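> Residue numbers (my numbering): 1 to 96.
Careful: at least some of the hints might be erroneous.
[To be verified] In silico lysine-lysine, BS3-like type, Cα no more than 27 Å apart, as pairs: (1) Lys88 with Lys69; (2) Lys36 with Lys15; (3) Lys85 with Lys69; (4) Lys81 with Lys69.
Honestly, the hints are just simulated from the structure, not real lab data. All values derive from a computational prediction rather than experimental measurement.
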Amino acid sequence: MALILCGVHFQVEHKPGGLNVVVDALSCRPDYAVHKADANAIGIVRTTTPSSSLIDDVRSAYANDADAKQLLDYFAAPSDKSRQKLAKHLRARVHR
Numbered sequence: 001m002a003l004i005l006c007g008v009h010f011q012v013e014h015k016p017g018g019l020n021v022v023v024d025a026l027s028c029r030p031d032y033a034v035h036k037a038d039a040n041a042i043g044i045v046r047t048t049t050p051s052s053s054l055i056d057d058v059r060s061a062y063a064n065d066a067d068a069k070q071l072l073d074y075f076a077a078p079s080d081k082s083r084q085k086l087a088k089h090l091r092a093r094v095h096r
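The whole structure should be built from the sequences, with the hints applied where relevant.
Set out below in C-alpha cells:
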C-alpha cells in the first residue's frame, strides 16, 4: 500500500468536525465526544454553615482591653480632640 501511495502526490488537510460530513468510525474517538448531563440523575447537595466563636471572642477581648477601647472610641469619631484623649503610646501610632 505504501508503494502505491509513493507515486501519488497528495496533501493532508484538516477539516473541523462540523465541516467533515463524510466521517468514518475511526475518526470519531469516543473521548472527544461531548458529554451531556443526564436530566434524570439525582443530585444530592449538602449545605453546611461554618460556625466560629472568634468574632465573639474578639469583641469580648475589646471590652476588657483599655487600649483597644480607646482606639475604637477614637475611630468611631476621629477628631483632634479625641486624638488628644488617647494615651501617648497610642497617639503616636494613629495616622490620619
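> So, for every hint listed, does it hold in this structure?
Evaluation of the provided hints:
{"no.": "1", "hint": "Lys88 with Lys69", "in the structure": "holds (15 Å)"}
{"no.": "2", "hint": "Lys36 with Lys15", "in the structure": "holds (24 Å)"}
{"no.": "3", "hint": "Lys85 with Lys69", "in the structure": "holds (12 Å)"}
{"no.": "4", "hint": "Lys81 with Lys69", "in the structure": "holds (16 Å)"}
When the structure is compared with the earlier hints, no violation turns up for any of them.
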